[in-house]
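2 protein chains.
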Amino acid sequence: VTSEATPPLVAGFRFAGVSAGIKKRGGPDVALIIADRVVACAGVFTTNLVVAAPVVQSRAALADASRARAVVVNSGNANACTGEVGVRDAAEMAARTAAALGCAERDIQVCSTGVIGAPLPMDKVRAGLDAALAAARPDGLLAFARAIMTTDTRPKVRFSQITLGGRTITAAGACKGAGMIHPNMATMLGFVVTDANVAEAELVTVWRRICGRTFNAISVDGDTSTNDTALCLASGEVGGAPLRGAELDALEALLERVAGDLARDIVRDAEGATKLVALTVRGAASEADARLAASTVATSPLVKTALHGEDPNWGRLVAAAGRSGARVDPARVAVSIGDVTIFSENRWHGPEAEKAANAIMKTPEFGIALDLGLGTHAHTVFTCDFSADYVRINADYRS
Amino acid sequence: VTSEATPPLVAGFRFAGVSAGIKKRGGPDVALIIADRVVACAGVFTTNLVVAAPVVQSRAALADASRARAVVVNSGNANACTGEVGVRDAAEMAARTAAALGCAERDIQVCSTGVIGAPLPMDKVRAGLDAALAAARPDGLLAFARAIMTTDTRPKVRFSQITLGGRTITAAGACKGAGMIHPNMATMLGFVVTDANVAEAELVTVWRRICGRTFNAISVDGDTSTNDTALCLASGEVGGAPLRGAELDALEALLERVAGDLARDIVRDAEGATKLVALTVRGAASEADARLAASTVATSPLVKTALHGEDPNWGRLVAAAGRSGARVDPARVAVSIGDVTIFSENRWHGPEAEKAANAIMKTPEFGIALDLGLGTHAHTVFTCDFSADYVRINADYRS
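From first to last, the protein sequence lines are chains C and A. With this note's numbering, the residue at position 89 of the first sequence is 92, and numbering never jumps. With this note's numbering, the residue at position 244 of the second sequence is 247, and numbering never jumps.
Mixed in with the good hints, there may be bad ones.
[As the list claims (entries may be wrong)] According to the in silico footprint, chain C covers these stretches of chain A (three or more CB under 8 Å from chain C):
#1 82-96
#2 149-160
#3 318-326
No lab work stands behind these hints: they were computed from the structure. C-beta atoms are modelled at their ideal positions from N, C-alpha and C, and glycine is treated no differently.
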């Protein structure tokens, strides 16, 4: 189930990734997911008010109906801050794909990632799209994953299976990196497909919840891209009645496993990062407080540089929670690194605890927990450290 | 009026800075401002919910009455997250100073900065306090400034004078650095004294406004310390009636000049920083939007690494404003670096503009403006770049 293993086929889907010359440095840059027919599709998009043309296009299409026939992606150019031209280009990408597949334009999802502010080279995009339409194959997920990469160091593919009522249900997906992206801004793109049979409305609800715990629960540098998109498509090819009740819960767990693995892969591959940290705030007075405190701590530069230094600096953790806007009473806060409590009841637990915590922080993946002691709400954010490499990569003058 | 010039005396005040052995590496670490009598005093404190004991003590004292006789500061230990012991220690610092000066405990302001979580070495603090009380002199501001430093590379003293109705009014102050402080967390401390005659209530109003445009308008890494404090004391020794109307406005401008110079000194001296950038958001739909957008852009790691790389990366600037929560319509946003507009009306102004902007960014101090095109509100934040040195300094394991 690692990124390296060959993913199983997912009935009802074909994938492609081809080189169209959009990326300056070459490599595959047009990618396609095609469903055999129009299928259920749920999408979660960036909350940035500065939104790229493809996000406007795709969000409107899904607002119309939670369905899609295909997803077309280009890398190398974000089609963001491109004005009216960009809107027309995104629409043309949908229209051209729809014409080839014989479906409505609104049944096509469009994503772009790469440099901001330059118009799409549409001649290349058209040729790439035609090539991708011809190249799509059931075993093409890895080619798809390669073609959506920007500065990711490796393609990210994950999958998982469950058996429900005698039927094996498969979910597989691919994603590309968030944050720390040179030469421009990060874009997080995540795609999961399944052959499960699930009603459109159920898929929308389930996918929104999953994204809140996976793609929207990772933090690399706190910057939100203009292009972030997470899509889930369900073909229903496995047959049977639409899943509900406990079976729907099992599907949610399956999809979350794949989405969570993909999301963590993004943090692992963040440029300059050397640590994957599951940062949990629990004991919060409300769900909103848990999210606010966790995301503030997870994006604090002082916390992230301490992670890089393997420094169990509980003072920075507590102070970041304190400024988050969440209800915090320092006398009730307890801080643990792995299973070592280093601060509680206004008291540092001494050099022994600190030494044990430091040893845990020397490993590449570990957990940190802040218990606020005020309630029952919890939230986990997956974050990484800030390294000097992060600065070096992101400070380089675009050229 | 630079930090290097010798500040003039401010009638009614004496200052001291002495070495008490609180800092592990030695150097002055107990500092004192003494007014000849109880004078008007206004304070602005950290908004962090995790608040150090001295802040609790000082805030309560000023809530009682906007007056003070003295300000006592120790560096080397923040007296934060120290529970009941810390509260007692802060109270003792006030009580001991009050006893020596023959005033009430509530007339003493107490500040601490340094390592979090360790109890104050009170024997050393007591001896240092007694020494500082004996050493206080009218020309001791620079000694005071040296004794409040933690990892600041230089003492920060600023002053200015105006003439009102034939009387010369002097304001002078000192501060210590915000953000990027090793081994623990940043603390920003700022102090301005004046010999002007101003009513307590007026000073409180004026000082709150000034701090919003100076000490609270600087951003180093977005982390807010548990100990941040900015105090202004007015002795009235210059005589005359309490200032009002246009004369009060002139005093506000005088105090703001000193506080602004000090605040910018903090950013200039931020660890690893090589650029001082005045980041202005104008054309915002509301004052709150202007502040939100400016502070989000000013703390974005992607923006700050681009500043370090002298990269006029308007995409990162616009996208950070877009995620800030402020109302933003990308089609109306214009971005300028210095006097060069590089993006407006959804259009990049081309390589010539970018080259000119890059040349401006090669200088150590410059301005960046985002005009949101939605209203008349503006806010300026002084920020700095993120360098690899910042990571190195803050990642070092505490030892």
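Hints versus structure:
Requiring three or more residues with a Cβ within less than 8 Å of a Cβ of chain C, the coverage given for the region 82-96 of chain A holds, as 5 such residues are present. For the region 149-160 of chain A, the proposed coverage by chain C is not satisfied: 0 residues have a C-beta within less than 8 Å of a C-beta in that chain, short of the threshold of three. With 8 residues bearing a CB less than 8 Å from a CB of chain C, the region 318-326 of chain A meets the requirement of three and the coverage assertion stands.
The structure shown violates just one earlier hint, number 2.
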